[in-house]
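Kindly produce the complete structure, drawing on both the sequences and the hints.
If you read the protein sequences in the order shown, they are chains A and B. Residues 78 to 618 in my numbering are what the first sequence spells out, letter by letter. Residues 928 to 1209 in my numbering are what the second sequence spells out, letter by letter.
Read the hints as simulated data drawn from the structure, not as lab findings. Mixed in with the good hints, there may be bad ones.
Said to hold, decoys possible - One side of the interface only, derived from the structure: several residues of chain A facing chain B at Cβ under 10 angstroms:
(1) N264
(2) N330
(3) A376
(4) E377
(5) E448
Stated by the list, open to error - In silico SDA-like links for lysine to any residue, alpha-carbon gap of 20 angstroms or less:
(6) B/K1138 to A/K117
(7) A/K117 to B/P973
(8) A/K117 to B/S1186
(9) A/K307 to A/A593
(10) A/K307 to A/Q282
(11) B/K1138 to B/S1029
(12) B/K1138 to B/Y1205
(13) A/K117 to B/E969
(14) B/K1138 to A/D523
(15) A/K117 to B/A968
(16) A/K307 to A/D379
(17) A/K117 to B/S1189
(18) A/K117 to B/P1185
(19) A/K292 to A/E311
(20) A/K137 to B/P973
(21) A/K117 to B/Y1094
(22) B/K1063 to A/I526
(23) A/K137 to B/T1093
(24) A/K117 to B/S1118
(25) A/K117 to B/T1093
(26) B/K1138 to B/E1060
(27) A/K137 to B/A968
(28) B/K1063 to A/D523
(29) A/K292 to A/P279
Said to hold, decoys possible - Computed footprint of chain B on chain A, listed as stretches where at least three residues anywhere in the stretch have a Cβ under 8 angstroms from a Cβ of chain B:
(30) 97 to 109
(31) 362 to 372
(32) 516 to 526
(33) 546 to 556
For each residue, glycine too, the CB sits at the ideal point set by N, CA and C.
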Amino acid sequence: MFGAGGGTSAYEEIHETDVILLWGSNAREAHPIFFHHLMKGLDNGARMFAVDPRLTSSAKFADAWLGLSVGTDVALANAVGREIIRAGLADEAFIARATTGYEAYAANVEPCTLDWAAEVTGVPAAAIADMAHAYATAGKAQILWTLGITEHHNAVDNVVALCNLALLTGHVGRWGSGLVPLRGQNNVQGGGDMGALPDRFPGFQPVDDPAARAKFEAVYGAGLNPVPGKHLTEMFEAMETGDLRACYVIGENPADSDAAVEHARGLLAGLEVLVVQDIFMTRTAEMADVVLPAAVAWAETDGTVTSSERRVQRVRAAVPPPGQARSDIDILGDLARRLGADWGHPSAEDLWDELRSLSPIHAGMPWDRLEDGGLQWPCPSEDHPGSPFLHGWLWADDLEGRDPAPFSAVQQQWPAEELTEEFPLRLTTGRALDSYNTGVQSGGYDSPIRYGHAIDVNPGDAGALGVADGERVLVSSPRGSVEMEVRVQPDIPAGLAFTTFHFPELVDINVLTNDAWDPRSGTSEFKAASIRISKLEPAYG
Amino acid sequence: MDGSTPVRLTIDGQEVEAPAGSTIHAACEGAGISTPTLCWAENLTPVNVCRVCVVELEGSRALVPACSRPAEDGMEVRTDTERVRHSRRMVLEFLGSGVDLSQAESLHAWMEHYGADPDRYADEGHPVERISEPVKVQDELYVRDYEKCVLCYKCVEACGDDAQHTYAIAVAGRGFDARISTEFDVALPESACVYCGNCVGVCPTGALQFKTEFDLRQADQWRPEEQTVTRTVCSYCGVGCNLDLHVQDERIVKVTSPSDHSVTSGHLCIKGRFGWEYVHGE
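Set out below in structure tokens:
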């Protein structure tokens, strides 16, 4: 945000913050050790507001749970902003010095009264006002979010709607205040940092910037494509039109993980060439023409990963890879040789040093400085201590010569798929504590608390449908149907259904989910599909 | 008062300076004087129950626990007087006379140092009465062996305010019948337990043990002297928890986390602690 793709704050800052908005995140289950840090903040007296359609296990620790309707985050955020302005609680000096676009923002949120937002979101007006006042008057405050914000067709709107609140109150760029997207995979931050984005080189340098390109071309000794590439969702669209005919998939299982997954499987099956490099024979690998068995990155190879607080840390080989499995570096190096480019046999450290020579935010992080506990980027020189938080420049009189941070005027948009008589329930998906994504890894151990192949529904809805706890039912969306078990859950609001996505071999849940997506982020709307639950026909016989 | 001004005290006749807020234990460590501990851990709040760390403090009638007593200016502390040695020896003997300390490896050198002999309380025909009950094996993740539990409360602290905030366990019963217990003594999978294993991580006696370690010990295959420990980062969510992989015969046999790491403080979740088996899968 504001020019750098990472969360603004160090975990330990939350120990000292005064107000926490946990928005679309069930961190207690999805990021449990971050939640330990959050609990230190609560133990030290912070107030927490949990914004989530579900009364999650995280929300149960909050001072207030704001149980909004799925997909009404922008309405709620805009109403919070309007209330802060109306009550005279905006930080006018910060806005004047460090931001642009305030007038347009204020005009945009002006119609978003508390009563309007209460009607739209289902959250009582008093609770919205209480959260607005608490956030604006706090000495230090953080907004934390995860996929409850980003897995929507208007994901970017959701994110900037939250960023607006930080700009309105000056809760960013200083110790204890910040904007914290918790990352879902152990190196999704590092992947982006390393340039695994369609439009960036390592260190977030744009591919269409001639100066950046010239720098990389000089070191790589090859011309580089100046045109931004496609993100995942666009790749599937290009498969549909026939523009994309070959795919090399490394460590991803889209044949299980994609929304509207039957459609995605059809497109993968229609490719001329599919190469999969993975540690397991996933469903995607089973469809491949060539499978390259890879070593387990974090236990069988050396390298680095980067966490949600931008901390770069070493992973190290502890055990040898089995059979023919090889490290990703070896596989890619051999492939390059077959294609006519000899890159030698670089170690992980050799590649890291090359990266440091090209990415200024990593320049000051030689291998030996990462040995013990890691460093947080940006770390531009070897005498730099790393950066616990970002955007301190917002508080400098001259903004250290940078452009001010822009407000964004965004408006409420409903989930792409409306509820209808035929599909009257809202399905949202998420993680459970003991499992992970499509279960490729977490399926390997016996968890005594695993329940995951059930659909959670409110007791009233279950009663109206005439289904009992534990009963198998047919769950249908406009894209398909699956059979699964009902779990009657009083913590689920009426009209909502929830399930995890960890057990595709038991319940192919992404048959149901909606692949409507945000053209700016490329993320599908996993959080909002319309479904119907029907009783199974009794078996006669 | 400036909270950063160091405190000055005397330990065993030696002038010692310690950072403000230090305990006597920390001041001793800083001065190179080691202290036996059992219920203390650097990532837990001291609960003061085992008394194995007691020291003599000038002006104090009773011995004081070094692990929790703050160091103050002008204190005169003695850690190696006859009274301290006698007290530490008897604490160790009392602990060892009630339970099996064979896997409480951190205490063995101290027991030898102080000449602690738990069996000296036995009379002919009256051996010391130790807790005796079968190991509770209820799942594949960890076991509970009450014969080894000294009720140090570390597991309760790690499950509660000091880390996990799950509060699945507490002490139930009194005296010789006191046990760390789930609510109403229900089986673990029916309790509030979320299987983070942080209780196992802090247990000093082997009363709580990872099932992998327990099985290897049962088979007489647990060989810590042959194990390597490699530090890496967990493969699941994006928090970046450091893991120490304990490897024996090219297989992971146990996962812990360093208690001085800024991300974890030594604590993990169920996935980080137990979710590594896929590395050796299929």
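Status of each hint after checking the structure:
1. Here the hint on A/N264 is kept, as its CB sits about 8 angstroms from the closest CB of chain B, short of 10 angstroms.
2. Given hint, A/N330 at the interface with chain B, is violated; its Cβ is 13 angstroms from that chain's nearest Cβ, farther than 10 angstroms.
3. For A/A376, the interface hint holds, since its Cβ comes within 10 angstroms of a Cβ in chain B; the closest pair sits about 5 angstroms apart.
4. Taking 10 angstroms as the C-beta contact cut-off toward chain B, the hint placing A/E377 at the interface holds, the least distance being around 7 angstroms.
5. Nearest Cβ of chain B to the Cβ of A/E448: about 9 angstroms, under the 10 angstroms cut. The hint holds.
6. For a cut-off of 20 angstroms, the pair hint linking B/K1138 to A/K117 is broken: about 30 angstroms separates their Cα positions.
7. For a cut-off of 20 angstroms, the pair hint linking A/K117 to B/P973 stands: about 17 angstroms separates their Cα positions.
8. For the hint pairing A/K117 with B/S1186, the CA-to-CA distance comes to about 16 angstroms; that is within 20 angstroms, so the pair holds.
9. Our distance criterion of 20 angstroms between C-alpha atoms is met by A/K307 and A/A593, whose separation comes to about 16 angstroms.
10. About 16 angstroms separates the Cα atoms of A/K307 and A/Q282, which keeps this hinted pair within 20 angstroms; it holds.
11. Between B/K1138 and B/S1029, the direct Cα distance comes to roughly 18 angstroms. Compliance with the 20 angstroms bound is thereby established for this hinted pair.
12. For the hint linking B/K1138 to B/Y1205, the alpha-carbon distance of about 16 angstroms falls within 20 angstroms, and the restraint holds.
13. With a C-alpha separation of about 16 angstroms, the suggested pairing of A/K117 with B/E969 holds against the 20 angstroms cut-off.
14. Straight-line distance between C-alpha atoms of B/K1138 and A/D523 comes to about 12 angstroms, which keeps the hinted pair within the 20 angstroms bound.
15. For the hint pairing A/K117 with B/A968, the CA-to-CA distance comes to about 18 angstroms; that is within 20 angstroms, so the pair holds.
16. Between A/K307 and A/D379 the alpha-carbon distance is near 29 angstroms, which puts this suggested pair outside the 20 angstroms criterion.
17. Distance restraint check for A/K117 and B/S1189: the Cα-Cα separation of roughly 13 angstroms lies within the 20 angstroms cut-off, and the hinted pair is therefore satisfied.
18. The straight-line distance between the Cα atoms of A/K117 and B/P1185 is roughly 19 angstroms, inside the 20 angstroms bound, and the hint therefore holds.
19. Straight-line distance between C-alpha atoms of A/K292 and A/E311 comes to about 28 angstroms, which puts the hinted pair past the 20 angstroms bound.
20. Annotation: proposed proximity of A/K137 to B/P973 is violated, straight-line Cα distance about 28 angstroms (limit 20 angstroms).
21. As the CA atoms of A/K117 and B/Y1094 are separated by approximately 15 angstroms, the hinted pair is consistent with the 20 angstroms bound.
22. Of the supplied pair hints, the one linking B/K1063 and A/I526 holds, its CA atoms being roughly 17 angstroms apart against a limit of 20 angstroms.
23. Among the hinted pairs, A/K137 with B/T1093 is consistent with the structure: their alpha-carbon atoms are about 12 angstroms apart, no more than 20 angstroms.
24. Among the hinted pairs, A/K117 with B/S1118 is inconsistent with the structure: their alpha-carbon atoms are about 24 angstroms apart, more than 20 angstroms.
25. Straight-line distance between C-alpha atoms of A/K117 and B/T1093 comes to about 14 angstroms, which keeps the hinted pair within the 20 angstroms bound.
26. In summary, the hint linking B/K1138 to B/E1060 is supported, as the alpha carbons are separated by about 18 angstroms, within the 20 angstroms threshold.
27. Taking the CA atoms of A/K137 and B/A968, the gap is about 29 angstroms. The hint is violated against a cut of 20 angstroms.
28. As the CA atoms of B/K1063 and A/D523 are separated by approximately 17 angstroms, the hinted pair is consistent with the 20 angstroms bound.
29. Distance hint between A/K292 and A/P279 is fulfilled; the C-alpha atoms sit about 11 angstroms from each other, no more than 20 angstroms.
30. Residue count for the segment 97 to 109 of chain A with a Cβ under 8 angstroms from a Cβ of chain B: 3. That meets the three needed, and the coverage hint holds.
31. With 0 residues carrying a beta carbon less than 8 angstroms from a beta carbon of chain B, the segment 362 to 372 of chain A misses the three-residue requirement, and the given coverage is violated.
32. Under the rule that three or more residues need a Cβ within less than 8 angstroms of chain B, the assignment of the segment 516 to 526 of chain A holds, with 10 such residues.
33. Given a C-beta distance limit of less than 8 angstroms, the hint that chain B covers the segment 546 to 556 of chain A is violated, as 0 residues qualify and 3 are needed.
Against the hints set out earlier in the document, violations occur for numbers 2, 6, 16, 19, 20, 24, 27, 31, 33.
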